[in-house]
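First to last, the protein sequences are chains A and B.
Quick note, the numbering used here runs 34 ahead of the 1-based positions in the first sequence.
Quick note, the numbering used here runs 26 ahead of the 1-based positions in the second sequence.
Any given hint might turn out to be false.
To be clear about the criterion: a stretch of chain B counts as covered by chain A if any three or more of its residues have a C-beta under 8 Å from a C-beta of chain A, and this derived list gives those stretches [said to hold, decoys possible]:
| id | region |
| --- | --- |
| 1 | 39-53 |
| 2 | 69-78 |
Computed footprint of chain B on chain A; a stretch qualifies when at least three of its residues, placed anywhere within it, have a C-beta under 8 Å from a C-beta of chain B [what the hints assert, rightly or not]:
| id | region |
| --- | --- |
| 3 | 192-202 |
| 4 | 208-216 |
Source of the hints: derived by calculation from the structure; they are not laboratory data.
Even for Gly, the Cβ is constructed at its ideal location relative to N, Cα and C.
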Amino acid sequence: MLTGCGSLENPDAKREQRSYAGLGAALRRSNGWAMEAVTGSAEDNLAELLLRVRDGQDEAAFATLFGHFAPRIKGFLMRSGAAEALAEEVAQDVMATVWQKAGLYDPARAGAATWIFTIARNRRIDALRKQRRPEPEDVGWGPEPEPDQAAAMELQQESEKLAEALRGLPPNQRVLIERAYFGELSHSEIAAETGLPLGTIKSRIRLALDRLRREMS
Amino acid sequence: MSIRHHLTDELLMAYAAGILPEAFNLVVATHVSLCDECRARLGAYEALGGAVLEDVPGAAVSVGSLAATMALIRDRGKDPIVAPPQAPRPASGLFPAPLRSYVGGDVEVVKWRPMGGGVRQAILPSSKDATVRLLYIPAGAAVPDHGHRGTELTQVLQGAFRDDADRFGPGDIEVASEETQHRPVAEAGADCICLAATDAPLRFSTMLPRIVQPFFRI
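Whenever a hint applies, use it, and build me the whole structure from the sequences.
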């Protein structure tokens, strides 16, 4: 079974916006990453679709989400070392879990891709590594407030900006970030495979993160 | 709880990416449960995972994949899960939810084993690539002097300890590297309870712990 993604899924954790004012604040606190609030809407349809699944059990919206995410999840799992048949099976399982857990999705706390990434990651740990995935305790601070649309909008804009910054990294830095997230290899396994010293790999990842922070500021 | 010692960016990213050993995941999840700052930073690294997923070259799914998924959803019961699965932590509890789930309860159900000098430990089940254990250090007592071959994470749950590096109080986490040689001493006052994970056996500098090490699996 999939271990929950407690840090992202608990609607009670909306209270956390008081301390978690979106990605920008998080990054600012993380060694001075900073992001400006962005206005206007560019990429809002995925979270919108997920909300239609959450609030209306909308099968058409789910089918569109499936068309977008299922191939990506399958590709992601194959990069993680899964054979095609297993990747297909797990991708279906992840999308079914997206339907089941849509009620826990909060667009002010995570973009659609981020939320689905955490589900796919946990399922990968469970299916490929046969391990449990301990998740942080949910933060329950009281009854649910009005949905915070401004925070949700800001988070989407920032997520898009982060994706652009990732695409703009030098290839030798970007590839290491991607490999880490694919769970393809641990740092020391990447070192053994590429012949790069472990220190070089760590410092390239650090450079990549520094650069992302600068891009977001 | 005022936390002075936080998780490193490297550990938060590795946790978000899902590439840490299970033992480290448990310590990171425990710290994040206690630390709003690290929880917010973790959100940023999970967003980076979302960006990676958006950009991954897609692999075509099989014909009928959506229909198979809808069938799976029907089989599982179509109603979405709406309630958070976790029970709230009792006000009197010491352990955050992820740790409680590994222990099977709070501090009162821990099966401590003596390590000598009043220090006790309880090894928790996890995958074999790293070890995680609870440590109970009576106020004023010391854990034997040791270095590490890999990384050691020590999360303070109650009380405080000092070592060569600094003071670590409730909520603090110490990230000790290969070079660290330290002798944690619990402060006077409350007994110190920590959750510690290592990805390589500890290296003790005196003879006795070296002999007993295989038995204690530390």
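Evaluation of the provided hints:
1. 39-53: holds (count 9)
2. 69-78: Since 9 is at least three, the answer is holds.
3. 192-202: Coverage by chain B holds here, the residue count being 6 at a Cβ distance below 8 Å.
4. 208-216: holds (count 5)
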